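Below are the chains, spelled out letter by letter.
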Amino acid sequence: MTPIAEADLRLVADSALKFFSASSSVPAKVTAAFLGESEIATHDFTGLIHLTGQYEGRVIVSAPLGLLRELLLTQGESNFSHENLQDAVGEIANTIAGNMRGQFGPALQISVPECLSGQYEWSASMRSRPYVISLNWSCYSAMVCVDIMGTGV
Amino acid sequence: MKILIIDDSSMIRSRITRIVESGRLGDVSIVGLAHNGYEALHLARAGLPDVATIDLTMPEMDGLACIPLLLVGHPDLNILVVSALSDKTTAIKALQLGARGFLNKPFTDEELLLALLDINDTRSQT
Chain A
4 MTPIAEADLR
14 LVADSALKFF
24 SASSSVPAKV
34 TAAFLGESEI
44 ATHDFTGLIH
54 LTGQYEGRVI
64 VSAPLGLLRE
74 LLLTQGESNF
84 SHENLQDAVG
94 EIANTIAGNM
104 RGQFGPALQI
114 SVPECLSGQY
124 EWSASMRSRP
134 YVISLNWSCY
144 SAMVCVDIMG
154 TGV
Chain B
-1 MKILIIDDSS
9 MIRSRITRIV
19 ESGRLGDVSI
29 VGLAHNGYEA
39 LHLARAGLPD
49 VATIDLTMPE
59 MDGLACIPLL
69 LVGHPDLNIL
79 VVSALSDKTT
89 AIKALQLGAR
99 GFLNKPFTDE
109 ELLLALLDIN
119 DTRSQT
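Protein sequence lines correspond, in order, to chains A and B. Going from the first sequence to the working numbering is simple: count from 1 and add 3. Counting along the second sequence from 1, when you hit position 5 you're at 3 in the working numbering, and nothing is skipped either side.
Just chain B, with the same shape it has in the complex (with noise of 0.2 Å):
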């Protein structure tokens, strides 16, 4: 599993990558870690990620303004908004637009972990 991060927050993308190199993901590479929808645009091209994790709340672009952006380049990324925006509302609009998972902030390791498997999943049925 190839992933790319994006986050604004280094902290985050810290804890991210911790979490997905403690082997409990099986084969994973990060592809990049971008702090925002620009750069995210730029380290997919490079990177080619199978996953991506993002953020909604960023600044320059936004997620939601990314997710339709990424997936027209790579239509079978598999995303999962990682936000602490949790209205249903933000949450539906993010799926629509293409991603498919949500996890809302603050999340645990395991939730994290288990996100990931089920969007790989999904990924994997298609």
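Chain A on its own, in the form it takes in the complex (with noise of 0.2 Å):
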């Protein structure tokens, strides 16, 4: 198993900022990219994507109610329900996930985004310390977190 090199997660950051910068017009900006624990507090909504194939592992967005409301009213949705929260870290998650296809090519498989709600301990488990970027968009704190190892398929 091998590690995905730096030119890679900047991708993944590139692709957060741009999510929010194209959906919104408002510029998000990384605040901190680190090794984790291998435990990670989670915010108020949770989006997750399963990697398989050349990379494995898992790509999470975790964010709190206030971003997501506030990108929903954004996107013209006035509907802040469990649901279409849920939904929306889901897409974010999505999205980032699906750009790594982008580098890595069509080998990198990706599920369909797993939505999960309530603050929690995620624990890694392809890394010990998985990477994890911090972002702030709107005065709000979000999180990416890259738990992934190349196969070497």
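To be clear, the hints were calculated from the coordinates, so they are not data collected in a lab. Keep in mind that a hint or two might mislead.
If the Cβ cut is set under 10 Å, some of the chain A residues that face chain B in the computed set are [said to hold, decoys possible]:
1. Lys21
2. Phe22
3. Ser26
4. Ser28
5. Leu74
6. His85
7. Glu86
8. Asn87
9. Ala91
10. Gly93
11. Thr98
12. Gly101
13. Gly105
14. Leu111
15. Ile113
16. Glu124
Heads up, simulated EDC-like pairs for lysine to aspartate or glutamate below, C-alpha to C-alpha not over 16 Å straight-line [as the list claims (entries may be wrong)]:
17. A:Lys21 - B:Glu109
18. B:Lys91 - B:Asp119
19. B:Lys0 - B:Asp48
20. B:Lys0 - B:Glu19
21. B:Lys0 - B:Asp74
22. B:Lys0 - B:Asp119
23. A:Lys21 - B:Asp107
24. A:Lys32 - A:Asp17
25. A:Lys21 - B:Asp60
One side of the interface only, derived from the structure: several residues of chain B facing chain A at Cβ under 10 Å [said to hold, decoys possible]:
26. Met9
27. Ser27
28. Arg43
29. Met56
30. Ala82
31. Glu109
These numbers come from a predicted model, not from an experiment. We put the beta carbon where it would ideally sit given N, CA and C, even for glycine.
Take each chain as given, in its own frame, and dock them per the hints.
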């Protein structure tokens, strides 16, 4: 198993930033990028994508309720149901993971997003210390966590 | 222009709806909002769209499976793929299956409008 390269992590951060700037015209910014602990505290809503093929593991996006409500508002959506909030965080995760295919190619298989709610301790499974990218958008903090390893396929 | 919007994300369906209804595409009506390929086929039969936007990663029936089935029933349908899958192989595959355009997520409002205008122009010329 091989770790992903720094350039690939930058791609993940760039995808997240582009999501917010394209969707809302309000830019986001990366506030920190670091190796997290094996258990990561999540925000209110978490979108999780399973990756298989060339890389295996998970990419998660976790965001607070306030961020997702504001994001939905910018999309013309006024229904702030639990389902819609989960859908929003899932779509961010889907976008970031899907954009990874541009770098890694079609051998990287991406699942449909799994959406979770509630703050909890998320456990990494592939890396003892997953990569964590902290973002700030419209005064809210969010997190992208990359817990993947190359399979050599 | 009658448009069918196909995406499993309600946020994206809302966003595309808002952009399409902004007035910049002229006379437009949305004939349906589908959250997977099966629903898309049903709504296409009922609504007879001219244009469809379609995501690729969807549950139950994904976009690449749906595109040829949509075209069987609606050979003149102009399909714009709107997907986060940004590898060239996937884009080429979608076009080979009959899509008329491919727009990567994340997209700006302007990018979506231009992509829709582009495939609609393509339709007018054929």
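Problem - Unsatisfied constraints (hint numbers, rising) - result: 6, 16, 18, 25, 27, 28
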